[in-house]
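K.L.:
Generate coordinates for the entire structure from the input sequences, incorporating the hints supplied.
Number of protein chains: 2
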Amino acid sequence: MNTITQEKLAQAVALLNEHNIDAWVTFVRETSQTPDPALDILLGFGLTWESALILTRSGEKLALVGRYDADNVKKLAAYDRVQGYDQSIRELLTAEIKRLNPRTIALNYSPSDSGSDGLTHGMWLKLRDLLGEPFVSRFVSAEDIARRLRERKSPAEVARIRTAIKKTETLYDALFDLPLTGMTEIQVHSLASDYAAKQDVAFGWERISCPIVNAGELSSIGHGIPDTIKIEPGMVVHFDMGLRIDGYCSDLQRDAYVLRPGETKAPPEVQRAWDACRAALEAGRAALRAGVPCWMVDKAARDALVDAGYDEFKHAFGHHVGLKVHDGGSLLGPHWEKYGGLPDMLVEPESVYAIELGVMVPGHGYLGLEEDVLVTGTGAVYLSEPQTELILI
Amino acid sequence: MNTITQEKLAQAVALLNEHNIDAWVTFVRETSQTPDPALDILLGFGLTWESALILTRSGEKLALVGRYDADNVKKLAAYDRVQGYDQSIRELLTAEIKRLNPRTIALNYSPSDSGSDGLTHGMWLKLRDLLGEPFVSRFVSAEDIARRLRERKSPAEVARIRTAIKKTETLYDALFDLPLTGMTEIQVHSLASDYAAKQDVAFGWERISCPIVNAGELSSIGHGIPDTIKIEPGMVVHFDMGLRIDGYCSDLQRDAYVLRPGETKAPPEVQRAWDACRAALEAGRAALRAGVPCWMVDKAARDALVDAGYDEFKHAFGHHVGLKVHDGGSLLGPHWEKYGGLPDMLVEPESVYAIELGVMVPGHGYLGLEEDVLVTGTGAVYLSEPQTELILI
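Those protein sequences? They're chains H and A, same order as listed. Numbers 0 to 392, taken from numbering that gives the first Met the number 0, label the letters of the first sequence in order. Numbers 0 to 392, taken from numbering that gives the first Met the number 0, label the letters of the second sequence in order.
These are computed hints drawn from the structure, not numbers from a lab. Some hints here could point you the wrong way.
Heads up, the list lumps identical chains together, so a pair's fine if it works in one copy or across two of them.
[Unchecked claim] Here are the simulated DSS-like pairs of lysine-lysine, each with C-alpha atoms no more than 30 Å apart in a straight line: (1) 166 x 264; (2) 97 x 337; (3) 165 x 197; (4) 165 x 313; (5) 197 x 166; (6) 229 x 166; (7) 337 x 73; (8) 166 x 73; (9) 165 x 73; (10) 165 x 337; (11) 264 x 313; (12) 264 x 229; (13) 97 x 73; (14) 60 x 197.
Given the structure is predicted, the values throughout are model-derived calculations rather than measurements.
P.N.:
Next up, the structure:
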């Protein structure tokens, strides 16, 4: 029994009713190679052979799976009926769809939202062949329900995210206790790796670039892999790290400045940039409320930074955090084509976003801020302990 | 620089020519949520924003990726040209496709082979919208090239698989040196876990069921999780274990018999079953040659076992092993609908298969055999040291 899965399945049925959809069919196979992000929510583990998870607006929860996967699904005690098969899913699946005769069949595809886009094109072709008319004409995108199910975190989900954030902060504390000056990015990255391994916690993204460590202005900003650049006085050192604990993630950036001989604080150009970033992050957070179009939140932060005299950041201001570090769903971002329809979505209540922005300070390095927040009835509140001052090394 | 990636890209270009395809486009985004199995071969790490890897039959290798992913791709030194973008891939992508003007554009979708089916339906819709006619009419499945690229192992890939096999055999040796009698399945599983952790090797599938340990006939066969059943005299003890080292996997089963007081060998019914399994495995291996239809290899092993008086096994005889334990591509299996077109594919040279079968011996337990073999010009040769006799405990 897994209470989070049961909680989320009940939420899914409510969403089917809210969006007037009769049935939601998640159709997958060999999910270790081609996982469907919806499966993480609807099941919590992988499936091997062609499998269909069917939820209906009347509350039916069916799982049609290969024989050797059936026991695991039954043990979850979240589906009313679990049927195993040996040679083909065809009979089971067509019989259930004919019986339910849904006017709309929502499938996991979406040009905009990767989190709602787990159905492969090959499996879409296969489903079309299996079900035939009149059902193929009733296919619709499950985006409206799949993304909201992911976005609206249940209390148990928020609790797990909090745990991941807390551990990340502890790991950051341990890192900043080390004598970092003189170490290379690679050495710092490797110490963080060892620490995480000892604590048996998993990184939120590929180990080779988690944490991201950027020492000074020549470092590779973005999704860079640590380099042999040494941490030296006068540099801004920037970290980006996420952990994944009990299935849920954190995503936090932290910044330090390495004092030069005689310095007791960061130089004015670094401090000014830091203050501008902090203010812009807060401007974005203040704009982040349920029901607001996502692009407006991005704009609030973006404008604040530009008005302070800095270049606009080259990414979106905020993304969901949950089962993944980049959890899909809406995006607090500008109307850039690569973001598709995501910036026009409205902020959902109980969303957890990582909000982030940054500035390159010439001669010193990249300052990047990122905190995790929860959208509540009274606005966005920090789940992390926000970094309000530059760390001095 | 990653020589395996370079080797595989050269192989991909040869396959484009072999199959008369002008361009192969791998179109992905947010691959931590929706990975494309082809990316493991074509790149070796994930991508964030809409990205296109384009290979042409003339040997061009282009990567169009989001700005922050571009550095990592450049460092790989495997693509001739890496272009980063900020707001939209549209201009870059349409310009390249118009310039190349390919008569066929292969995309990663396949109703049969999950390893060739990494393009999501949403991304297929998006690509259709981005490219428009006349290019949409030139879309074809990349299955022919994608699966062969995965199936035909390069010498460097075979070397890595050999390493994983060798370590698996060492771990098995260590396990069989332990006083297993009286231990529960859970205890043995946990000792194997500890050993692997100490050696810093990763299991090939979910840790909770790797290795699979089956003590006696009441144990859960298949994808079962270890139980509290104790290993006792008279039992067959069956193991199934895979490791993943340097990205490549092994998959091997081993069997032991626990002697009862006074016994110096296994009882005749156990020995007969073992001999029948070994003979059937060898019959399958003898039939396994490049160019043979996959189902015929399965049939050779299946018939041998049935002719010896045993039930046929409820799974396919052989699956590819490589980047994954179940690596996709063709399947040495019977014509069951769930296997789609895989059993009708022909065996490719340089394939590495795990070949496996088993028999339940009433009163004693499950005997399962599995070895890893390489398809060479002179037939299938063992990469593993095959178990030719029952281990006696």
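K.L.:
Any of the earlier hints contradicted here, and which numbers?
P.N.:
Hints 8, 9, 10 and 14 not satisfied by this model.
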